[in-house]
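Which chain is which? The protein sequence lines are V and S, in order.
The first sequence begins at 1218 in our numbering and counts up one residue at a time.
The second sequence begins at 8 in our numbering and counts up one residue at a time.
Since the hints were derived computationally from the structure, they do not count as laboratory data.
Treat the numbers as computed from the prediction; the structure is a model and nothing was measured.
Accuracy of the hints is not assured; some may be wrong.
Keeping only pairs whose Cα atoms sit at most 20 Å apart, straight-line, the calculated EDC-like set for lysine to aspartate or glutamate is [said to hold, decoys possible]:
#1 S:Lys330 <-> S:Glu314
#2 S:Lys529 <-> S:Asp516
#3 S:Lys330 <-> S:Glu292
#4 S:Lys171 <-> V:Asp1472
#5 S:Lys389 <-> S:Asp259
#6 S:Lys389 <-> V:Asp1374
Here is what each chain is made of, one letter per residue.
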Amino acid sequence: MTDRREFLKTSCAALTMTALATQMRHFGLINALAQNENVDGGGDGGNYKALVCVFLSGGNDSNNTVVPNYDAGYAQYSAARTAQGLAIPRANLLPISPPAMNGDAYGLHPSMTDLHTLWNQGKLAVVTNVGTLMQPLTRAQYQSGASRPMQLFSHSDQVDQFKTAISNYRSAIGWGGRLSDRTAAQNPGAAIPMISQISTGANVFTVGNTSTPLIVAPAPTPLNQVLALNGFIAGNAEDTARRSAMNNIRAANLDYSMTQAASVITQQAINVSTQLSTDPVLTATFPNTTLGNQLRQVAKLMKFRTQLNMSRQVFYVQLGGFDTHSSQLNQHATLWTQVSQALKAFYDETVAQGIAEDVTTFTMSDFNRTLNPAGAGSGAGSDHAWGGHHFVMGGSVLGGNFYGKPTSNGSIFPTLVNAGPDDAETRGRIIPTVSVEQYAATLARWFGLSPADIPLVFPNINAFGGSDLGFMM
Amino acid sequence: MSSEFNVRRMRLFVPSGVLFCLAFFIVGASAQENIDAAPVIISEANSTRALTAAPKTRKLDQNARVFSPGGKTRITVFVTGVELLPGEGATAFRADATDGRYSRYPLQIVSLAPTPERPWVYALTFRLHAGMGDVGDVLLRVAWRGMASNRVRIAVGHEGGGLKDDPGAVPTPMPDTPVTFGQTDAPGLPYTGDRVRFMHQATFGANPTLENQLRRLGLSTWISQQMETKRDAGNAIRYSTFPMPNPPLMADLNPTCTMNAVCNRDNYTMYPLQNWFFREALYGEDQQLRRRVSWALHQIFVVSGREIVQPSRMAPYIKVLDKHAFGNFRSLLEDMTLNPAMGIYLDMANSTRQNPNENYAREIMQLFSIGLDMLNQDGTPKLDAQGNRIPSYDQNTVNGFTKVFTGWRLCATPANCPGSVTGTRNFKDPMEIIAANHDNTEKQLLNYPGAISTIPAGQTAEQDLQAALDNVFNHPNVAPFISKLLIQQLVTSNPTPAYVRRVADVFSDDAGGGVERGNLAKVIRAILLDPEARGNNKTDPDYGHLKEPVIYATNFLRALNPTANTGAAATCNGLSEGAINGITSLLDQDVFNPPSVFNYYPMDYSIPNTNLAAPEFAIMTTGTALKRPNLIHQMIGPGTGGATGIGINNIQGITCGTRVTLTRYQNLATADPTGTLLVETLNRELLNGSMSPDVRTQMMNAVQAVASTNALRRTQTALYLLLTSSQYQVQR
């Protein structure tokens, strides 16, 4: 019922007959502001910050993206996976030596050559064993029925919990949206919504109590064509009359909820389309892939940050295909080649734009997958599981290291044994030691969220020890 | 309960014999036939302030006109003009209040009971919204079966302030004789609001042929006719008007075909099925209802061509949906479970005792039958003592069903598999069991009253399957869960619990004593003929749903006399109706290629910042919103119009794809130089007559800005405005 309460606190402002009119006025106002800012330069003034969420949809098998590369560690990993053909040969791992692991070597997935470069440059960090939690949890506590997130191992619920950073009830508001709500004051005069997502349908991450996301198509669609209303010729009296009628019809019947919702979204698209009138040219070459094209569009919006008067932005991009129940090795390699190349191109572009220190990119996913494979041989895959490792990239990231909270073995990397001390059950569903809230709050604090507002964006943060994992400068 | 109110004393305050000033008429014996009956909240005799009773004192108390703010305050008002079905009560109503700042608060209804001396007057008690402060007067409204009441004033905190009364609002004092309110239906007239709404709910859109048929037959008979088993010349059962494509099963990889664009399109993409689907939707008049229901079922039992790749592999899955659209849900569940495309999509085909896969076990429960939470028969979640939802299963149950579904594989034993073709995987025959791969240990199933919730060790895979499907099918959630999803697909995103319950009762066959649970033909009929679905002009503010791209496109195409360019093959690479998919996929709905098992849009999506379910809005975003008007512009003009694959033939002479014809409306524009005939006809035929006066004024302004001699451009202008309006994009 708490979700209902959250709604009720906030719904009334949104569901009003005047909402559209208000929104129109709001946009009218900020358009005027933006124009003024353009006259006197406006811009980030060295105060630009952006967070870019890369969602690996379907549940990334992070057991195979960050692998122990020391004898005892690899032996455990191999024992859990080699027989069914799901282990990555040790020789193929891209070696890394995170200082936090006290001399134990690790390896990245062999497809991550570009990310390996960024790791070596100190621009990429790994946060270990992140997942949805209601409270810190041991295997014994889990097995004796202690509180755990609703509907563990279910895609839709775990996705939503990662995106809302709320695991004990269903929320219609995501943490990206709440973060935007709370930091909107740092973004005065923004000409477009502060939070944007590329190409995917609406998702809860970008929905706030007062923020609604801009959703645009990915490259190669030019930015000035992503949101265009066709068919009106300037100066044509018939078209002018039709356009005027269209606008007025959009403001009618707003007391009908669904009609109003359709009109508000259409109005928002029209408002933004007037702002995106040119297509910026980028320096870096982006791969022509699903993720590459989304990140390319993000980089273009960033290039417009000055003229759109954006000083804070949150972006959401997504790549599907990670639900590798079968034939995982090939699929996973293809996916990570794509992710690695796209992230590198994006990082290079932020360097070219002079904002590498101002942009932090991070991964999220439904969940990690079972250590114990599903099926065997070339068809081997893995099932839905829990805590997994995530990547954070950017010039302000304290890269080249692991960050996390101690697992049962004292280190921040879990013991990879089925039914072992970190397994919730029997198939290697690792109990997270870092909550989504802690991971997200560390990013949000860097973004500019005040310490006082952290519990407002992450209501359950106080259940965990500390809201800063230390991976940001 | 019904004697709570001191009705004798109430009379003191209500002069008897006062007539309603609204257009009331005496209820006759056929009152239930009035599909437009709307509730009326009773006011004081001389003002629009609600007549209230204080539940605590159980007396009508005119002095307590001011109610303290806060979620604990209960207020009782009186409602008439409604005729309730047996069992219809508080859950059939919604209530809201709007304050002086236009904030609209949903109100929780606590109870509804007839008053003893005036059984046609109901006492409705609701709780104030916790978020309402000392806001003064608010306008209270109730809605029932999609119909909104008049709005009356209630003072919260203090009296006065608030919005003005609605235009034309008058006192609605306590009546001494039964009354109801509304317009009479006009069954003989073409394009009544109710019939147009019905066509949008039950088919891919209104057109003159269908309208004529419905006017002649009536809705119920038309439904029966559509549900009849149809047969082809060879006396074989036929589930579609046009022959379904039957491409051959291909090898996983065929380099020759991959290099040939047409071969690749026809054998390794969903193109032939999309083409067929739109052909059925636009022209398959005798299978409209089955096609629409099958499309809805596809969005519950999701399989995606993105993973299945070959149309020959997907077609048998669609046939399962078609076959059972008016059949029994249990049979649908079984055929779907053993369907090879589903088997591959959700990994049951690879799940063995040695290496079990949980995917199908999880999704058959979460998405195909019972959902995550325990439900009441009216679709609302059951809550525990702390007010939390109650999970309907846990990991033990998932483990049990995972074991049940082990051992099945794509049919490969020649004797069992007539559809086998050497060198290809068999997606034509149901999956077969390899007994050695089946886990025959004991299994935990769903536990609920009356359930056989475990399977003993040692049964065969087939026995396990039957027991497990029975266990799922008989779960009490199935009726409300599936009924609500189908209502959301066909009628409205936010049905009242009472509506869900009426349909769910049909699903569980409560009236029939449970003889046939899960009869989908009866369920569909109950959904479409329910009073909440019927009526000429729905006024409940939360009624209706956004048209998903497929429905949006087919709705307007069917209204504009579409024709396929059958001669297109040579010049347009064979494009015809399949070109429509090129449009809907731009709007994030690529037919038979949903992005995930959560459908083209998740069914639990809600409008941001509200608790209103609005699944289709998940793909109505800033990114797609302008593509809708741009599509209309491309099709209709004015100015431009026409593009590869889809165009209009009386302007551009486009030879590819599906074309529309505006002649019928153009003739109306010619006949009436004022433009009224054109706009009013479009209102009736496309908007079920619901166009509000301000929208009509705007339409007329834009039409009249075009010279009356230019009938085509007037028609294009009017159509553009109407088809791009939110009022049309939302099916109400």
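Now the hints, each set against the structure:
Only pairs whose Cα atoms come within 20 Å are accepted, and S:Lys330 paired with S:Glu314 is rejected, the gap being roughly 23 Å. Annotation: proposed proximity of S:Lys529 to S:Asp516 holds, straight-line Cα distance about 9 Å (limit 20 Å). The straight-line distance between the Cα atoms of S:Lys330 and S:Glu292 is roughly 17 Å, inside the 20 Å bound, and the hint therefore holds. About 15 Å separates the Cα atoms of S:Lys171 and V:Asp1472, which keeps this hinted pair within 20 Å; it holds.
Of the pairs offered as hints, the one joining S:Lys389 and S:Asp259 is violated, with about 47 Å between alpha carbons and a cut-off of 20 Å exceeded. Between S:Lys389 and V:Asp1374, the direct Cα distance comes to roughly 18 Å. Compliance with the 20 Å bound is thereby established for this hinted pair.
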